[in-house]
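*Asks:* One letter stands for each residue in the lines below.
6 protein chains.
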Amino acid sequence: MKQNKRFQTGLEQFREIDEASVEKIIDELKDVSPELGNYIIEYAYGDIYSRKELDLKSKEIAIIAALTALGNAQPQLKFHINAGLNIGLSETEIKEIILLMSVYAGFPAALNGTAILKKVIKERNVK
Amino acid sequence: MKQNKRFQTGLEQFREIDEASVEKIIDELKDVSPELGNYIIEYAYGDIYSRKELDLKSKEIAIIAALTALGNAQPQLKFHINAGLNIGLSETEIKEIILLMSVYAGFPAALNGTAILKKVIKERNVK
Amino acid sequence: MKQNKRFQTGLEQFREIDEASVEKIIDELKDVSPELGNYIIEYAYGDIYSRKELDLKSKEIAIIAALTALGNAQPQLKFHINAGLNIGLSETEIKEIILLMSVYAGFPAALNGTAILKKVIKERNVK
Amino acid sequence: MKQNKRFQTGLEQFREIDEASVEKIIDELKDVSPELGNYIIEYAYGDIYSRKELDLKSKEIAIIAALTALGNAQPQLKFHINAGLNIGLSETEIKEIILLMSVYAGFPAALNGTAILKKVIKERNVK
Amino acid sequence: MKQNKRFQTGLEQFREIDEASVEKIIDELKDVSPELGNYIIEYAYGDIYSRKELDLKSKEIAIIAALTALGNAQPQLKFHINAGLNIGLSETEIKEIILLMSVYAGFPAALNGTAILKKVIKERNVK
Amino acid sequence: MKQNKRFQTGLEQFREIDEASVEKIIDELKDVSPELGNYIIEYAYGDIYSRKELDLKSKEIAIIAALTALGNAQPQLKFHINAGLNIGLSETEIKEIILLMSVYAGFPAALNGTAILKKVIKERNVK
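Residue numbers (my numbering), protein chains in the order written: chain A, 15 to 141; chain B, 15 to 141; chain C, 15 to 141; chain D, 15 to 141; chain E, 15 to 141; chain F, 15 to 141.
If you are wondering where the hints come from, they were derived from the structure by calculation, not from laboratory data. Virtual Cβ for every residue (Gly too), placed ideally from N, Cα, C. Do not rely on the hints blindly, as some may be mistaken.
Short, incomplete list of chain E residues facing chain C, as computed with Cβ under 8 Å [to be verified]:
id, residue
1, Phe21
2, Tyr53
3, Asp61
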């Protein structure tokens, strides 16, 4: 994997929001699409997520809202609920973001997002 | 239209984020579906948007992100970009929320969201 | 265009729900994709819509609900609101179907569906 | 949980379509988002579903069609296929609604909706 | 099941891309919706997929791209990744189609598509 | 705008598929979100589209299929139908890709995609 500056920036950014998952995600992709793993680090985290114009909380609010509304990206919603909790959003704030989506994407989206929040809270309490 | 407490709360909340649009939206719906106009005030604004656990900026970040990602609710995205600017989000912050959606919903979603932001900025500068 | 039995059935079925539009739709497609025009008649109307297990009202309720919820097929939603009115759904019933979608697909979907209903009612009143 | 009139109406309406699930759904949400549970009863069932302008069958036809077409709300589709059977839709009618969605949302949506119908029928036959 | 010419064409076409699955899919549908099974063979494969204007590779590229982007039809995406490999697309080509979708539908769509590709490759290697 | 190697690669790639639009798109974004313009060149074209594992035709088949199926990115679908024609896809091939989407995303998606194809053909014939 190319270890350029964007990659380094992305890796640090990724680790800031979820230290535990970086190796796992890169590892899962390394046989089937190392390129996708690389672009996630370089583009998603190195270029975009690491931008400074929005703080971390605002970014995770935006991402959790969007993934709840789309309703077809449950592993990523789970990841970002964890990331949101890691960087300082409270369970209450995340519950409220998902509840707000009942208005903009309907109750099924809000219910399925809430089920993922419930699972994340349970898993974090076990650890 | 029923003038109950939830309706009053919703109306005040709605006016707080976009004073100019309340009458217009209720008026547009009054012949075809006054019920929908009523529930927007009572449920969307009176019950949900007026909740205090998230501040106004966080709510508009969530809504702008979700509507950009969904990509099929352009009049509402336009409304909430205006609302976001009204309640204190900067043009830069909204640009960044939409840019972030290139990662989570793709470049077409980000491009079409940006086109609406451009239109809103232009209209506000004319006034 | 092949004038087989399925095509004949489809054409009659299509005419039953919107006599005025059949020629227009076939005509619009005849240069760019007569095949699509053909399959709409043969499959969508000849095979599926003409089935007898659901009555016409139930079919249009299902279609109007689905297109409102999807939110990305406005010309087809407009067509089926007209078709629904043609085959006996009342304006009130269609308003209620769209209102119900506020629960299952969110208020933007319900608002944009209602805007199309309003346009259809206006156009029919002019004629 | 607030036991206001809308809540009572919603609870009765919810019980009418699926007596067995009410406690379960409220219970699942009570730790993570009792607010969402509350708004489902008050708004989704108390305000909207309990309206009288559409009969129960028409409502479930609309909901089953919409959730099949959206394709990202499988627990809710399962719930409403059960509810549809509870309030008098036949298996054949539900099969036909889902089949109709092959035209409006494609065969994958129809196939995945049919798989849920199959699972519901199997579970109800076991009981 | 009606054994007309379209059905025969569809059956042969279906077998050409995935010999092993035809019986299984028809069998799974035969109790709950034999009609859907029938229309998949007649319309999806007999009318559309068997058309000669696009070669098999182009069709599977289009289908894999669309199902990855939609993100709500995972069983069908799995089927068509297998079909794509059966008719001569390489693992690399499919990986690239899915990677390309990061641009048009976002990284969650690309990640979830890649996870299905990984599962398909693993299953084929076991056999 | 940063003129790094990825940007240069992206610019050349973009020009290869639609010489006439590059300046226009960068120009439209330069006031509102030059960053988005930059990332489209660097990531979408410089990193991804310029990869060599798929030929240009395969890429445009994938993109046209995905955007037709999503149904909420009409300006981008129009752009890529033009790009597809520019790099050697025939009108017939594009018509067939869109027709194929009737199976995977339904007839409304296929109809709305065909309407854009019709518009593109008309505009190109005028020039």
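*Asks:* State for each hint whether it applies.
*Replies:* Right, here's what the structure says about each hint:
| no. | hint | verdict |
| --- | --- | --- |
| 1 | Phe21 | 12 Å, violated |
| 2 | Tyr53 | 6 Å, holds |
| 3 | Asp61 | 6 Å, holds |
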